[in-house]
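K.L.:
Going down the list, the protein sequences come from chains H and R.
Note that this note's numbering numbers the first sequence so that position 283 is 283, with each residue one more than the last.
Note that this note's numbering numbers the second sequence so that position 271 is 767, with each residue one more than the last.
Heads up, some of the hints might be wrong.
What follows is a set of in silico ranges between Cβ atoms, one per label pair, in the way DEER data are often shown [claimed, not checked]:
1) R:Pro557 <-> H:Ala196: 58 to 64 Å
2) R:Pro1062 <-> H:Phe167: 25 to 31 Å
3) H:Ala272 <-> R:Arg1070: 48 to 54 Å
4) H:Thr279 <-> R:Ala1018: 49 to 55 Å
5) H:His187 <-> R:Gly1051: 56 to 62 Å
6) H:Ala272 <-> R:Ala549: 57 to 63 Å
7) H:His369 <-> R:Ser886: 41 to 47 Å
8) H:Thr279 <-> R:Ala1076: 52 to 58 Å
9) R:Ala549 <-> H:Ala196: 58 to 64 Å
10) H:Ala452 <-> R:Pro557: 43 to 49 Å
11) R:Val1130 <-> H:His187: 57 to 63 Å
12) H:Trp460 <-> R:Val946: 45 to 51 Å
13) R:Glu526 <-> H:Phe167: 51 to 57 Å
As a list, the in silico DMTMM-like pairs of lysine to aspartate or glutamate whose alpha-carbon atoms are at most 25 Å apart [what the hints assert, rightly or not]:
14) R:Lys932 <-> H:Glu443
15) H:Lys447 <-> R:Asp645
16) R:Lys932 <-> R:Asp781
Quick caveat, the hints were computed from the structure, so don't treat them as lab data.
Every value quoted in this text rests on a predicted model; they were computed, and no experiment measured them.
Note that CB positions come from ideal geometry on N, CA and C, so glycine has one too.
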Amino acid sequence: MLSVIVFLPLAAAVALVAVPRLGDTPARWAWVAVSAVDLALVAVLWVRYDTPPAGGLDSSQQVPWIPGVNSSYHVGVDGLSLPLVAMTAVIFLACAVYALRERHRPRGQAALFLFLQSVSLGVFVAADLILFFVFFDLSIVGMFFVIAGWGHGNQAHSALKFFLYTFLGSLALLAGFIGLYVAADPHTFDMPQLVAATPLAGRPLAGGLVLAAILLGLAVKTPTVPFHTWLPPAHTDAPAVGSAVLAGVLLKMGTYGFVRIGMPMLPQAWRAWAWVIITVGVVSVIYGALVALAQSNLKRMVAYTSVNHMGYIVLAVGVAGLAANDTAQARTVAVSGAVTQMVSHGLITAALFLLAGVLRERAGTYDVHEYGGLAAAAPAFATLFAVGAFASLGLPAFSGFIAEFQIFTGSIAAAPATAVALLGILITAALFLRALQRVFTGEIRGKSVGFADLRAGERWSIGPLLLLSLLIGVLPRPLLDVIEPAAQTVIGLLGR
Amino acid sequence: MNALGQAALWSLVVVPAVAGALLALARRAERMAVPASLAVATVSVVLSVVAAAARPSVSVPFLAGARFGLTVDGLAAVVLPMLTVVTLLVLLAAAGEVHHSRARFHGLMLLFAAAVALTATAATLPTLLFAWEIMGAASYALIGFWWRDDDRVSAGLTAFLTTRGADLGLYVATGAALAGGAGLALVDLPATSAGWRHLVAAGIIVAALGKAAQLPVSFWLSRAMAGPSSVSALLHSAAMVAMGGYLLLRVQPLLAATSWAGPATMWVGAVTALLLGAVALAQHDLKQLLAASTSAQLGFVVLAAGAGAVTGGVAHLVAHAATKALLFLAAGAWLTALGTKQLAGLRGVVARWRLVGWSASVGALALAGIPPLSLWATKDVILTQALDQSPWLYAVGLAASALSAAYAGKVLVIIWRRVPANKQSDVDAHRNGEQKGSGRMSRLEQAPLVLLAVGAGYAGLLTLPPLGTTVAAAVGRPGEVHTSVLELAVSGAIALAVVVTVARRPVPQPRWALRWLGLENAAHVLVVRPTQRCAEALARFDDRVLDRTVTGLAGVLLRLAQQVGPFDDRVLDRAVELAATSTVHAAGRAGRVDDRWLDGAVEAFAAGMRRLGQLARRPQSGQLHQYYRQAVVVLVIGVVVLVVWG
Chain H
1 MLSVIVFLPL AAAVALVAVP RLGDTPARWA WVAVSAVDLA LVAVLWVRYD TPPAGGLDSS
61 QQVPWIPGVN SSYHVGVDGL SLPLVAMTAV IFLACAVYAL RERHRPRGQA ALFLFLQSVS
121 LGVFVAADLI LFFVFFDLSI VGMFFVIAGW GHGNQAHSAL KFFLYTFLGS LALLAGFIGL
181 YVAADPHTFD MPQLVAATPL AGRPLAGGLV LAAILLGLAV KTPTVPFHTW LPPAHTDAPA
241 VGSAVLAGVL LKMGTYGFVR IGMPMLPQAW RAWAWVIITV GVVSVIYGAL VALAQSNLKR
301 MVAYTSVNHM GYIVLAVGVA GLAANDTAQA RTVAVSGAVT QMVSHGLITA ALFLLAGVLR
361 ERAGTYDVHE YGGLAAAAPA FATLFAVGAF ASLGLPAFSG FIAEFQIFTG SIAAAPATAV
421 ALLGILITAA LFLRALQRVF TGEIRGKSVG FADLRAGERW SIGPLLLLSL LIGVLPRPLL
481 DVIEPAAQTV IGLLGR
Chain R
497 MNALGQAALW SLVVVPAVAG ALLALARRAE RMAVPASLAV ATVSVVLSVV AAAARPSVSV
557 PFLAGARFGL TVDGLAAVVL PMLTVVTLLV LLAAAGEVHH SRARFHGLML LFAAAVALTA
617 TAATLPTLLF AWEIMGAASY ALIGFWWRDD DRVSAGLTAF LTTRGADLGL YVATGAALAG
677 GAGLALVDLP ATSAGWRHLV AAGIIVAALG KAAQLPVSFW LSRAMAGPSS VSALLHSAAM
737 VAMGGYLLLR VQPLLAATSW AGPATMWVGA VTALLLGAVA LAQHDLKQLL AASTSAQLGF
797 VVLAAGAGAV TGGVAHLVAH AATKALLFLA AGAWLTALGT KQLAGLRGVV ARWRLVGWSA
857 SVGALALAGI PPLSLWATKD VILTQALDQS PWLYAVGLAA SALSAAYAGK VLVIIWRRVP
917 ANKQSDVDAH RNGEQKGSGR MSRLEQAPLV LLAVGAGYAG LLTLPPLGTT VAAAVGRPGE
977 VHTSVLELAV SGAIALAVVV TVARRPVPQP RWALRWLGLE NAAHVLVVRP TQRCAEALAR
1037 FDDRVLDRTV TGLAGVLLRL AQQVGPFDDR VLDRAVELAA TSTVHAAGRA GRVDDRWLDG
1097 AVEAFAAGMR RLGQLARRPQ SGQLHQYYRQ AVVVLVIGVV VLVVWG
């Protein structure tokens, strides 16, 4: 089941490339159909999901792969990965619908995105470090071609920067993985075994070094300050669907690594370095928000708010490492908020990037000063952007609030000093509402004149993302029922 | 009854929320918007009465360790019907003011009403924060309702950011409550462990003061006047601003459980009542005057919460809601008809539209604290209890109530005093000064004002026996209402005297208070601009330092590679070639060695072996006697060996 979900898009991608003389329209619709089927399969997976016992995985499957180094094709889901798998399937379907009007090599784009969907799903279901790493690196390769092949502006440079930076990060990650392999007895790359064995326990220096390598690799991908400078150019020059996937799915691979690998496998080192992680998180929150405030390019602004939003996650996972048993409940809330934030940020930011893509597609620029009074020309666009902006600034009734509220209450309860990160949500409110005002209100002027409102494909791709965010915001229980047991497990594993 | 009550409580929130969201997002609902919204508002009134009578509690699981809970306690039972009734009346009256985008207007107002109902009944901190922030966002959208005017949207932005800044206090309070171990229910907060209790109290106070437009952030309310008057009539009198005071009344046990929170709260309230009273007196614009007065009157409610006068506080809240909604609606009606809200343009306006004029006069008299109207009685309950706390507090409160008599008297004088014929042109000059006046006023717009005037007149009964004792019992403070007759007489006399004086002499207009004490400028200079500078500096740092460092590092690597290139050619490559040639040489020599020595040795070995082979072949002659001889020799040797070692 899980393998079908992961490899169905890849098979479709191969078919799309292999079938000769396939028209553009069938290729576009094939992409939509395959993504929809994959989403339906994920829905079935969700319905049949049973919370596995602590440390276990549901729907797991294991086949020997490289027996020489004890690495196997091992996949499975739990409360940390299932929400991300579902979010990934949703975002890729939204991108497929949005790209129905793509004129530039649609068949190649469809195949590339299907490939990206497979490797992204693969990262989240992998239960073996080598498998994880292979999917992780393939996602970088896929995104490189998306930016270089379908981007605009200075895309070749941005794509190369993205590739080199994140690839270098992944090498640090690999070094960390090898460290774990070498330290484990018997040597293995299997994640559940490594979690159970906690290699490097009682060896603070080696444990710290391995954790540092892993954290460095994940921090580049997440990204956190100061490793984020690849993100703004990559987003600015990527196509709308590329940005949506990059921000919505690929960034989560970094934060997912924290809860999947860093915390449960190196609990002692994590606890020792908790304050460093918290500091990086808080700095990312404030720094990302402030730099975003100073942007006039809408897409760069949204890109920097991603640094800010990822900062909340880093803060929460850092707080989780503050060892004191009487705060276990608070830290569980924080971790649960972190996982919720991954899902929430994926949905909301993907929607915002798709909306930003509309600006460029119609008027050729992201500069907010070029617009004004756009709500008169494009009311549906204005409404969706306003909803997206409020969702992103953490307004209650949207998923962002559920996530950030948990992160803040959990963090403040465990470490009151982290309340300083609250300023982040104030600054994001300011920057989103200011951008909203510049672009959409006032007298109609500049590039707003003659701006065509959203088309059906755009509405039906962006609308459902925001609707889902609203659903999670109003009825969070179905999602939290999946996440909370996993968060408890992580906190339990961290306490060892 | 209880099931009915619970259903009513859920519906009170869900029905307006869903209807509001649909209306706000619907694209072709202009025609049905008004009837639909009025129907929902009417249903809400019924639901609120049912809920107030049944006093139900409901909850569902929400987040780990915190439920999404709603409860109608005594305070909510008093406030909920007031909220729904004012909402209905304001929506009725809005017909004259809002002509375009009615669906969006009514949708947002209903969303706001749902958020307010949730705020008033929230039983836990997450529920409260949920509703609290939606209220703020709806207020942003409503203040900036006419979005083609940039300054109105900016005003919404100022209001939203200021109140959200204060809302952060609620996040801190929730975190502290979670750590404090007593749970996140509002009624459990006083039991929070000692250290955390202070943080919970401080967070809630900050959030409440921000929403209630108290000092030092009252300036946002001044900007909020850019919105439609009907918005001000609901948000800036009865609902949103009032919820700030209401929250403090609800958590009064928590304030009492710390040593500092009560006094701090009551002094902030008292000082706001005094200073914003002066600000109101200084204004030339009717809506600005009313807004400053709202801050000042909410100051009395905040004072009440700090001093523990919960019954008086809630009665004042309800009475003020009716009074101020009435006055804002009157200001809006005049603005729509005459195109101005400048006091100078409203001289003698009562003569033109009598119903509105008379209703507004009742409101202004109530605001002035003239007996026997509502605010006279409610304010005195609060002041009596303030006197128990401190005579200074009482003195400040009394001065503040004299100021409210002064600014209300100023309004009364302006709208009533007949304009001499030779001065009429000065008044008319203000007409259409702010917008194009319609010159008309419909019956539908005027009817709600009459109803509100009845409320403004009689709401004081909430503090007088017999109704007062019922209210006091309902809010859990039986026997709290005690107003001395002396107090009532003194304050009534002061109010009358001030109004009479204002009618006879020109009112002092303190210039220092005209711009709301310069607080907005201060916020710009101290907070907004430094933040923007910091943001720009960081953005430059990001581009010029951080990004360039990375690019620079990549450049260094490239240069290193370029230098490694020649090194590669000159040194490594040569070394490899040298190694190759020397290997070939060595191989050649080895070949010769091989031929001469190794091969020779091998061949010599082979020849030796051949000879051995020939030797070995000799015994195998094929002759039987030779084999026997050999066998005998071997046997003898074997026997010898056995004998020797055996």
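K.L.:
Looking back at the numbered hints, which does the structure fail to meet, lowest number first?
P.N.:
1, 4, 5 and 7
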